[in-house]
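*Asks:* Protein chains in written order, with our numbering: chain A, 1 to 339; chain B, 1 to 339; chain C, 1 to 339; chain D, 1 to 339.
Check the hints yourself; a few may be wrong.
To be verified - One-sided excerpt, in silico: chain C residues whose CB lies under 10 Å from chain A:
| # | residue |
| --- | --- |
| 1 | Ile14 |
| 2 | Leu18 |
| 3 | Arg20 |
| 4 | Val24 |
| 5 | Lys120 |
| 6 | Cys122 |
| 7 | Ile241 |
| 8 | Ala247 |
| 9 | Met252 |
| 10 | Asp253 |
| 11 | His265 |
| 12 | Ala275 |
| 13 | Lys283 |
| 14 | Pro284 |
| 15 | Ser289 |
| 16 | Gly293 |
The hints are simulated quantities; they were obtained by calculation from the structure and are not laboratory data. Where a beta carbon is used, it is the ideal one built from N, C-alpha and C, also for glycine.
4 protein chains.
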Amino acid sequence: MIIVMKDGATKEQIQHVLDRIHAVGYKSHPIYGTDKTVIGAIGDERSRANPEQFQTIDGVEDVMRILKPFKLAGKELRKAPSVIDLGDGVKIGEGYFTVMAGPCSVESEKQLLEIAHEVKKCGATVLRGGAFKPRTSPYAFQGLEEEGLKILAKARSETGLKLVTEVIQPKDVELCANYVDILQIGARNTQNFALLREVGKTKKAVLLKRGMATTIQELLMSAEYILSEGNPNVILCERGIRTFETATRNTMDIAAVPVLKKLTHLPVITDPSHAGGSWDLVKPLSKASLSAGADGVIVEVHNKPEEAMSDGAQSLKPSKFADLMQVLKKMAEIEGKKI
Amino acid sequence: MIIVMKDGATKEQIQHVLDRIHAVGYKSHPIYGTDKTVIGAIGDERSRANPEQFQTIDGVEDVMRILKPFKLAGKELRKAPSVIDLGDGVKIGEGYFTVMAGPCSVESEKQLLEIAHEVKKCGATVLRGGAFKPRTSPYAFQGLEEEGLKILAKARSETGLKLVTEVIQPKDVELCANYVDILQIGARNTQNFALLREVGKTKKAVLLKRGMATTIQELLMSAEYILSEGNPNVILCERGIRTFETATRNTMDIAAVPVLKKLTHLPVITDPSHAGGSWDLVKPLSKASLSAGADGVIVEVHNKPEEAMSDGAQSLKPSKFADLMQVLKKMAEIEGKKI
Amino acid sequence: MIIVMKDGATKEQIQHVLDRIHAVGYKSHPIYGTDKTVIGAIGDERSRANPEQFQTIDGVEDVMRILKPFKLAGKELRKAPSVIDLGDGVKIGEGYFTVMAGPCSVESEKQLLEIAHEVKKCGATVLRGGAFKPRTSPYAFQGLEEEGLKILAKARSETGLKLVTEVIQPKDVELCANYVDILQIGARNTQNFALLREVGKTKKAVLLKRGMATTIQELLMSAEYILSEGNPNVILCERGIRTFETATRNTMDIAAVPVLKKLTHLPVITDPSHAGGSWDLVKPLSKASLSAGADGVIVEVHNKPEEAMSDGAQSLKPSKFADLMQVLKKMAEIEGKKI
Amino acid sequence: MIIVMKDGATKEQIQHVLDRIHAVGYKSHPIYGTDKTVIGAIGDERSRANPEQFQTIDGVEDVMRILKPFKLAGKELRKAPSVIDLGDGVKIGEGYFTVMAGPCSVESEKQLLEIAHEVKKCGATVLRGGAFKPRTSPYAFQGLEEEGLKILAKARSETGLKLVTEVIQPKDVELCANYVDILQIGARNTQNFALLREVGKTKKAVLLKRGMATTIQELLMSAEYILSEGNPNVILCERGIRTFETATRNTMDIAAVPVLKKLTHLPVITDPSHAGGSWDLVKPLSKASLSAGADGVIVEVHNKPEEAMSDGAQSLKPSKFADLMQVLKKMAEIEGKKI
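Assemble the whole structure, with the sequences as input and the hints as a guide.
*Replies:* And the structure:
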């Protein structure tokens with residue numbers, strides 16, 4: 001940690017900072033410049049003594065962190081990329097480009113099975129489908145709950161697709177984990193720490209979506225919650241952040257893909273459906289994601305978008321999805337990735 | 001709902017939209033302009049047939065909502081401002097300016113009682129203090145949990161201050177409700193719908209903070225979750241949104257206060273400590289909040305900010321808080337508000 | 001334009017709105033719903049009578065535009081994509097992927113010629129180099145001005161590369177136009193309307209960068225300024241918008257590429273150097289741009305980044321640029337684009 | 001400047017950084033921590049050797065500035081607040097709360113004189129009115145230009161009000177300076193450095209608005225451009241930044257007022273009309289500005305908002321403005337400010 005003193009900070013103020021540094025078990029290292037005094041504090045900033053405490057001391061102008069606040073998600077302890085194995089040859093991470101596809105919500109057995117067969121045929125390996133839906137309005141369709149999970153399980157047994165579904169509160173984690181292969185943490189729960197801890201206690205793969213106002217570093221800290229509970233199977237997902245632009249539902253932060261790849265060993269996928277919010281953006285955004293280094297995408301597919309109970313506007317029809325898969329396969333080949 | 005057709009939309013496409021409008025039980029009302037056809041669809045958009053379904057229909061360019069998606073939080077059903085009565089003369093809403101103050105975290109009995117007596121003396125009527133702390137890092141202090149609640153209760157019995165504390169997961173709601181007067185939903189849980197429903201099932205007052213990327217309309221929809229469960233005692237709190245500016249921790253959206261006052265009957269307060277992230281911004285932001293029409297503020301006060309386990313940088317020392325209260329009292333008088 | 005009246009708007013208020021609609025030469029078309037009255041106003045919203053005037057009328061709740069505010073930039077009058085021909089086979093637009101490369105600033109003849117030969121060898125067709133530099137600080141290097149333009153011209157005559165340079169004020173337009181092939185409008189001048197008009201009076205190609213807080217629609221309106229002066233040769237450039245994320249210099253809005261392609265016939269390129277702000281993001285962001293449908297990229301290349309007078313951190317060394325070109329050529333082939 | 005080396009940076013890499021530090025004339029001061037090496041570089045970062053050059057050196061992880069990049073705008077050289085004297089007792093700065101009011105655009109002599117007399121009567125001391133209008137659309141009303149300036153001058157001679165008008169390009173500076181007392185730089189030109197230099201060459205007071213995506217630090221750097229040309233009469237203006245919230249036209253960053261007051265000696269005012277974009281927000285935002293420490297406001301007033309050629313929706317009618325002035329006078333008294 002670097003502590004920058006104000007111009008004209010007094011000797012007493014500087015000494016007080018040094019004393020506080022020693023009191024929390026750090027070593028101090030002052031640099032006396034012509035205008036300013038800067039003090040290096042050497043120690044593990046991830047311990048309880050947090051940098052902001054120093055901010056309040058008289059004479060302190062600024063405090064800058066040096067160490068990244070995450071450990072397990074970073075590359076210090078684990079340099080090789082993590083590959084998550086869901087079994088039956090379905091892997092997520094380095095060397096693979098995994099396509100997860102399906103409807104926003106599980107609406108009925110007929111709907112889900114029909115879509116499941118379609119996406120399977122095109123080459124998807126994971127089926128998505130929401131049984132518990134976090135909706136902005138209390139009056140909107142909230143999902144079929146356990147009945148939805150059962151329908152998902154049936155689709156898996158019929159198609160062999162792996163399953164991903166969103167879990168929205170700690171008490172549902174066990175139930176969902178009994179039915180699916182990947183537990184999804186949605187964008188509104190990226191910093192729902194109680195929920196993160198709960199999925200961390202399982203060994204299930206967790207698809208952790210970035211929140212609309214979550215920084216890349218905060219996303220990694222949320223992953224750290226899961227990892228620190230003992231579950232190493234975390235997949236990160238860029239799904240668009242909130243900005244001033246209203247032409248798209250969110251703004252896909254495509255650079256987050258290579259930035260995350262630089263910072264973490266965890267697999268990184270994107271969600272072009274939610275990022276763009278419009279079905280005709282799914283193809284260019286999926287291609288861009290693959291090119292930027294993503295390990296996969298999660299895409300909304302619906303057989304009758306105009307009757308969908310949620311997210312119809314951003315869902316691909318199966319024929320469009322087939323077309324997308326064709327292109328992605330060609331691109332994955334160039335990149336040396338299995339799809 | 002208004003549906004705008006693309007230039008050159010065919011008769012068949014227009015007819016298909018009309019058919020869909022009728023199929024979901026709305027009335028249609030087309031306007032044939034020189035360039036474009038626009039179709040009014042008359043019905044309750046808050047029902048299950050949501051506007052976005054129409055977005056996917058061939059030939060449709062855009063869909064615009066007309067009705068506000070919230071009912072109970074709005075002023076249609078309840079025009080008079082709601083005033084929440086915590087008992088013993090402590091009220092929140094029209095005619096009052098309520099000051100809630102205390103440390104970010106309950107750290108010890110000694111710490112809390114000392115601060116409680118200080119803020120009481122200065123004129124605060126509600127004591128804040130976190131027992132369950134939602135922290136970005138899993139390695140940071142997570143709160144004293146039930147022990148913290150007991151300390152809070154002790155402070156209430158000693159000082160007569162009402163209590164507000166944050167609840168971070170559904171299963172803690174009952175426990176917290178047993179100890180405190182106001183349940184706080186933090187900024188990371190504004191759209192944690194499971195938690196909102198749970199606090200909605202109690203009759204406790206709920207302090208609902210706006211999330212960092214929550215729009216004003218979404219905040220009202222989150223309030224709607226609580227209200228629709230039967231709990232009318234919701235207090236909204238502007239606490240800064242996330243923007244590109246890094247000179248402050250967040251950007252206080254001061255206009256949210258009068259905008260909310262126009263849209264809802266619920267009380268609106270602000271959190272100048274989290275909005276600014278720096279103790280020396282608390283005074284100007286508190287004054288600005290009062291002037292903009294807020295019904296109160298929640299302020300962090302700590303007797304030893306440089307030793308605080310969280311949020312020290314934004315905490316006022318008791319002497320600064322006393323000074324703030326002096327100014328607020330003078331201002332409240334001009335505004336005709338009781339403090 | 002659609003005018004939404006408040007609940008309980010009076011007959012007189014509605015009549016007043018109708019009168020105003022007729023007064024500005026529009027036709028009115030009221031829809032009386034159960035809760036609200038909505039009035040369609042049929043006419044060209046791009047005329048002087050702007051929608052916001054209606055916003056102030058008593059009883060009006062909201063006003064929504066129907067027509068897009070741009071004409072020449074849109075696809076109504078010109079459906080086919082525009083391809084800008086710089087001569088000697090260098091084209092920008094549909095069917096091409098144009099790579100513009102070079103240093104941020106022209107620093108010396110030696111520097112520029114060396115880089116020019118390098119980028120030419122790798123396959124770039126346009127050389128970038130700033131002679132007039134818009135710098136945040138008045139104390140930073142401001143460019144070699146006309147001397148820089150002369151050096152650029154020399155590089156063109158030696159390599160055959162076309163030239164792009166930034167122009168920062170109306171009075172420099174003629175001078176710059178005498179030397180280069182493309183006039184660049186930088187991100188801080190996207191809405192410098194006097195400058196837009198001035199480049200609109202030339203017939204030179206104009207590279208119009210999106211500002212940090214410019215919406216896609218506003219970018220098109222800025223293009224409209226240039227087009228409406230009679231210059232059809234506008235190239236749009238996504239270069240990152242400003243968001244809360246600080247891990248990158250800006251946030252590349254990759255979806256802006258397909259969204260713009262949908263709205264306009266003008267060529268669209270991206271600037272991965274400024275968007276990411278870091279040399280190691282240039283490759284993934286360039287690839288993503290090509291995949292998302294961009295017609296080219298503009299990339300900063302410097303032979304000695306650590307001595308660059310500006311933007312060293314985001315400049316590629318020539319060897320990295322060579323590597324990038326290899327990949328882009330392979331990708332362009334799949335997309336059926338000439339590079 | 002602090003240079004943070006990557007984990008495992010080699011001795012050679014560290015030495016290379018030290019060599020570069022010395023090469024640009026700085027002193028080096030390395031700190032060898034257990035995990036990382038951090039190097040302090042002591043020297044004036046505002047010189048040409050800019051921090052980002054160091055970012056590109058192999059083995060460097062991060063570079064942090066220590067010194068603020070502005071000099072003349074800061075408080076190091078001038079501690080006392082600047083008060084700008086426009087003559088005839090009209091002053092802007094510490095101890096005053098100056099109200100500037102008038103229409104967005106000068107539309108006609110009749111319109112302007114009528115409004116001028118109204119705002120004068122209520123206590124405004126400066127009249128605003130645009131003669132050159134920077135409009136998003138080339139098809140919108142662009143102002144009366146010099147004719148508008150003449151009308152403004154007439155209003156001054158009739159009322160004694162001082163004048164502020166926007167200047168949009170360097171060549172108009174002299175013309176505008178001949179007519180008015182304050183030259184306004186609009187939000188789209190905050191970083192139009194050529195224009196800043198030009199107004200810096202005059203001695204006229206300059207009202208510098210913050211751009212929609214301009215940070216507080218960048219605003220001060222833009223002020224520095226004007227100051228460094230020899231013009232000390234700069235007034236800063238917070239007018240709302242662009243965020244995701246769409247309920248208001250922009251988001252007023254109220255904390256920018258006290259933050260700027262801490263960083264600079266220059267006067268700071270706000271523009272509640274543009275920040276909120278709605279006439280009914282002008283009062284609460286003006287009051288909040290005064291309470292937060294602003295030295296004044298600039299407010300749009302129009303006698304017939306629904307016929308205004310620009311910004312009608314955010315303009316106060318004279319009666320509302322009179323009401324606002326009443327409240328502001330009462331508040332200014334408490335704050336010890338002359339209005």
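*Asks:* All hints are to be evaluated individually against the structure, with a verdict given for each.
*Replies:* Quick rundown of the hints versus the structure:
1. Among the interface hints, the one on C/Ile14 is violated; its C-beta lies about 29 Å from the nearest C-beta in chain A, farther than the 10 Å criterion.
2. Here the hint on C/Leu18 is broken, as its CB sits about 30 Å from the closest CB of chain A, past 10 Å.
3. Given the 10 Å rule on beta carbons, the hint for C/Arg20 is violated: about 27 Å separates it from the nearest Cβ of chain A.
4. Because the beta carbon of C/Val24 sits about 26 Å from the nearest beta carbon in chain A, more than 10 Å, this interface hint is broken.
5. Given hint, C/Lys120 at the interface with chain A, is violated; its Cβ is 25 Å from that chain's nearest Cβ, farther than 10 Å.
6. For C/Cys122, the interface hint is violated, the least distance from its beta-carbon to any beta-carbon of chain A being 19 Å, above 10 Å.
7. About 6 Å separates the beta-carbon of C/Ile241 from the nearest beta-carbon of chain A, less than 10 Å, and the hint is met.
8. Because the beta carbon of C/Ala247 sits about 5 Å from the nearest beta carbon in chain A, less than 10 Å, this interface hint is met.
9. At about 6 Å, the closest approach between the beta carbon of C/Met252 and any beta carbon in chain A falls short of 10 Å, and the interface hint on this residue holds.
10. Proximity of C/Asp253 to chain A holds as hinted, the smallest CB-CB distance being about 5 Å (cut-off 10 Å).
11. Interface restraint check for C/His265: the shortest CB-CB distance to chain A comes to about 17 Å, outside 10 Å, so the restraint is violated.
12. Against a cut-off of 10 Å between C-beta atoms, the interface hint on C/Ala275 holds, since the closest Cβ of chain A lies about 7 Å away.
13. Because the closest C-beta pair between C/Lys283 and chain A is about 8 Å apart, less than 10 Å, the hint holds.
14. Evaluation of the C/Pro284 hint against chain A yields a held restraint, the C-beta minimum of about 4 Å falling below 10 Å.
15. For the restraint placing C/Ser289 at the interface with chain A, the shortest Cβ-Cβ distance is roughly 7 Å, inside the 10 Å limit, so the hint holds.
16. Among the interface hints, the one on C/Gly293 holds; its C-beta lies about 5 Å from the nearest C-beta in chain A, closer than the 10 Å criterion.
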